[in-house]
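Q: Spelled out from the first residue to the last, the chains are:
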Amino acid sequence: MTEIVWRFDVEGNNFELAGHASQQTKSRLKQIGVNNDIIRKVIIAMYEGEINMVIHANGGVATVTVQPNLITVVLADTGKGIENVELAMKEGYSTATTEIRELGFGAGMGLPNMKKYSDDMAIDTTVGEGTTITMKFKI
Amino acid sequence: MTLREVANITQAQIISGQELLDTEVISACGSDMMSDVLAHVKNQSVLVTGLINPQVVRTALMMDMKCICFVRGKIPDEKVIEIASENNIVIMATNITMFEACGKLFSRGLRGGD
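Taken in order, these protein sequences are the chains called A and B. For what it's worth, the working numbering labels the leading residue of the first sequence as -9, then goes sequentially. For what it's worth, the working numbering labels the leading residue of the second sequence as 74, then goes sequentially.
Don't read these hints as lab results, they were simulated from the structure. Only a predicted model underlies this, so the values are computations on that prediction, with no experimental measurement involved. Possibly wrong hints are sitting among the right ones.
[Claimed, not checked] List time: in silico DMTMM-like cross-link candidates among lysine to aspartate or glutamate, alpha-carbon distance up to 20 angstroms: (1) B:Lys152 / A:Glu6; (2) A:Lys20 / B:Glu159; (3) B:Lys139 / B:Glu159; (4) B:Lys115 / A:Asp27; (5) A:Lys106 / B:Glu151.
Work out the full structure: start from the sequences and follow the hints.
A: What follows is the structure in structure tokens.
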């Protein structure tokens, strides 16, 4: 295997479709025979990130790159950016609306879960311009 | 226990996946907070929840769960049932509360999983 790249458009504020990119990624990773424990970590982190893009950032693009020893998930949006990354990383801190909470999200676990399940996570964000989150998972 | 027994124990009605009721499960998780399900669930096959939006099925799907048991008389809409059916997840619904459903299942042998 050399390198496989999958790209998904994530539609903002479409809660019915939210999670579709992660679901697709999950079945494709299964198809190419990635270990289930690795898939689980990738998918939990990616799904939380995808939900964040749908909720907070008016959507964006998710790119998954699979290399022999590494899976990289890049979630890029042109949303409002994260004002205080340190605060956003705190478990329980959330700016989500009641509507989001009714979906079972918005408990302030998104970014903490993403950090917990990835081997490395980098957040590049500018208020008013957008956020790019890069997560790496060792295979 | 089988999913058929899960339905009997929780007095649930099968909404979809009738043909999958012989599937064996050993663990379950009860939550209305999908982030918590994602954070803490490992190898649990039954999700007991009172939330009925599509994200519940997607979360169950991400976690390889076999069954969602909706509590408190909640019935999901067609879209939710469709996603579940496409992915072989059994949907059942009961009038009892989450506390009762979890208690009954626990007392009959289902556990929280590892």
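Q: With a cut-off of 20 angstroms on the C-alpha distance, tell me whether B:Lys152 and A:Glu6 pass.
A: Since the Cα atoms of B:Lys152 and A:Glu6 sit roughly 9 angstroms apart, the hinted pair holds (cutoff 20 angstroms).
Q: Compare the distance between the alpha carbons of B:Lys115 and A:Asp27 with 20 angstroms, and conclude whether the hinted pair is satisfied.
A: Distance of about 10 angstroms is within 20 angstroms: holds.
Q: For B:Lys139 and B:Glu159, compute the direct alpha-carbon distance and say whether it is at most 20 angstroms.
A: Holds. B:Lys139 to B:Glu159 sits at ~12 angstroms (cutoff 20 angstroms).
Q: Can the restraint linking A:Lys20 and B:Glu159 be considered satisfied, given a maximum Cα separation of 20 angstroms?
A: 17 angstroms, holds
Q: Taking only the CA atoms, is the gap from A:Lys106 to B:Glu151 under or equal to 20 angstroms?
A: Judged against 20 angstroms, a Cα distance of about 34 angstroms means the pair is violated.
In this structure, only the earlier hint numbered 5 is contradicted, and the remaining ones agree with it.
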